[in-house]
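Using the hints, position chain Y against chain Z.
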Amino acid sequence: MKKSLKFITVLLVLMLAISAFAVGCSSTSDAPAGQNEGGEGNTAGNDFPTKPIDVIVSFGAGGGTDVGARILLPYVEKELGVPINVINKPGAGGWVGWADLVNENPDGYTLGYINTPAIITGYLNPNNNRRNTIDDFDLISNHVTDYNVIAVKADDNRFENIDDVIKLAQETELTATSTGIGTDNHIAILTLNNELGTNFTTVQMGGGNEIYAAVLGGHVDVLISNVGEATAGHNSGDIRILAVLAPERVDFIPDVPTLEEAGYGEIYGYSARGIAAPKDMDPAILEKITDAFAKAMEDEDHIRRMAEMGLQVNAVYGDEYYNQVKQVEENIKHISDLLGW
Amino acid sequence: MVGFEIVQMFFTVQTIMALLVGTIGGMFIGALPGLSATMAIALLIPVTFGMEPVAGLVMLSAIYTSAVFGGSISAILLHTPGTPASAATALDGYALTKQGKGLKAIGISTISSMIGGTISALALLFLAPPLSLVSLRFNAPEYFLIAIFGLTIIGSLAGDSLVKGLASGAFGLLIGLIGMDLMYGYPRFTYGFMTLESGIALVPAMIGLFSISQVLIQSEKIAKLKGKKEEKIIDVNSLEGTVLPSWKEFKSIVPTMIRSSAIGVLVGILPGAGGDIGSWVSYNEAKRFSKEPEKFGKGSIEGIAASESANNAVTGGTLIPLLTLGIPGSAAAAVLLGGLLIQGLVPGHALFSDYAGITYAVIFGFLIANILMGITGLLIAKHIVKVSTIPIGILSALIVVLSIVGSYAINNSVMDIYVMATFGVIGYFMRKTGFHPAPVVLAMILGPLAESSFKQSVVMAKGNLMTYFFGRPISIVLIVLTILALFAPLMMNYAQKKIQKNNTAKN
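Protein chains in written order, with the UniProt record's numbering: chain Z, 1 to 341; chain Y, 1 to 507.
Worth flagging that the hints you see were computed from the coordinates, not collected in a lab. All C-beta atoms in this analysis are idealised placements derived from N, C-alpha and C, irrespective of residue type, glycine included. Watch out, some of these pointers could steer you wrong.
What the hints assert, rightly or not - Facing chain Z, according to a computed beta carbon distance under 7 Å, are these residues of chain Y, among others:
{"no.": "1", "residue": "170"}
{"no.": "2", "residue": "194"}
{"no.": "3", "residue": "197"}
{"no.": "4", "residue": "198"}
{"no.": "5", "residue": "327"}
{"no.": "6", "residue": "349"}
{"no.": "7", "residue": "353"}
{"no.": "8", "residue": "412"}
{"no.": "9", "residue": "464"}
{"no.": "10", "residue": "465"}
Isolated chain Z (complex conformation) (with noise of 0.2 Å):
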């Protein structure tokens, strides 16, 4: 009996270090830098970094944007020479953990993966009234473009290529798919209905697998996807690609033709996600991070695994990724009128 008392205590106390353990693991202190020391721009520079670095990820542990950042950062580990933790914080389309990054000190310390064109459609959307826009970021990096892709289900005999989908949604209404209001699959079937004269109509879905399955089963007509989540089922021979909305062949599907190609014009889309820390970081910490990322985004064997999970790594560094989600907030804004903002 009184062994049994022992062994209850153990396993209680057991239940507790490991539960203590598994929230330590997916996140670590929350408490703000504290003071500033030393603001001279050269000193802190060279220090950098002296304590771990935390990443927010605005999305559930094990979705494609925490994977994705996993894989991405320990070899940005071995760069910097400090442990660097994965802090996700769903929610809000992104924008909780965005929020929280915003008002972190810009010490170089708190880091976060934001996600096109999801950061740009929180806050456009005016039900949302977020007060923050990309502007109070500092753009660091790119990791990953995905490019949209037009697809069908595989016996599908209606739709031989692109231009009979094309041509079938301007005669009549055809389903096509999307994860969500203002995602990129959204936003690529409005701009498709405005540039073309579609009248491609969107069953708003919870995400990939979801929209994966509807038109596997025959239940929605065209898929609207990302390259790495269709790839495997056009391999796979379950679905045909059609096109790809970018504005060169992609390598993981060299088969499948640009839109562009077909003679639509320049129709792009596609959802990318990269670093981003506060604004008015230190620009000498800024730099070291930079380049850190920029190494660790070279890596062979990082390119590697990322492209295993179907992805596309694409480094673009500060402006020149400035200037692309600015662009995007332009293609966005223009056609705002079709997302009723």
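Just chain Y, lined up with the frame of chain Z:
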């Protein structure tokens, strides 16, 4: 030949170690409120980077199934479901614990989980391709009808009063409305709180409604005693029963376990529905088919068997569309997909041809994990049931700490702790006034599913909604089932009264 290859791949030191770690670790994590199977898998995926594919994937799938089982242990002993999938288990399991029959409850739960998991593993092994085609036949219209069918349970779910059950359900539906609307992107009832845009998170609300309310009720009892006696859930000397059910009891739950496992596998293969829905639907069907429906909620072993065999059957079910089509059947399976890809295994036909060796070794490992989980559960049951003899003053404090940690851990959000505390107080007053929290949880799960799948159906129908619903065979079956579920009891009542009347008239 292939068989030999599989055995060879499976029986390596690394794989066996991974299996043990996964099974036992999963049980612990599952037992802790808030720490779900999904999170356990997500955190361990980086660990599998450096492992052999078979070992890594066996570990992840073992964690998945045993975490779902682990959730039932705390549900039974502490009225604190470790995962949403074991909320239904708490109803009868805790009732048995209070009667001193916690050991038997854990025994039933262990055996049912093992059988449910094993049946789903066998389905995965032999029926994966045809079942994956079934899963594709279900979409938004069917999900809507499944949700409606599930909601027909609400009135009879728990408690004595139909009206109170319906009121609790309506409250749950209302809570389910909070957050961003999927179709139009409009924030509803968020009052400017950004964290509310994703809705009230289910797990913290459930922890509040079930476990915090329980803690409050017991603290009240202690306060009334004013330290005269040490209050426990049950006295050591009142513990009775054996971990293994009698042959008669076992025979009586066999039909329930088989039916619930079938429901579990079916719900598992649907990408839009997971373990929580599977266990509730099975629980209700068990009640409908039971010879003693009045015992449900008061310590029915059939109730435990139904919910537990179903939620473990869901685990194998979710892996079927994952492996064959690359469509995960649940959130945990979606995380597992990442684990597969990192090992260079792309779901699809190739898994069953080019990589058949690895795939079948992993499925075999999953099967063994379920059996190992059952054996471990039966061995530790006798010790673990003593948790219910710990003084409530100590136990309550522990439960509160675990609940807070668990609620925070889901999204690293302090808001979720407030949600848990608020729902704890709501749950306390509900139970004091005779409302049961179970319908609230059920409605919170099914309400949003019904809403979004109905809106999706409207768009998919391209105009005529009625013809769309009635043009789909599975839809028609579900509509008929729902009508039967709603009106059969009334008709039977009526018929019975008529017969009685006739009999009395004759006499």
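Hints that the structure is at odds with (numbers, increasing): When the structure is compared with the hints, numbers 1, 7, 9 and 10 turn out to be violated.
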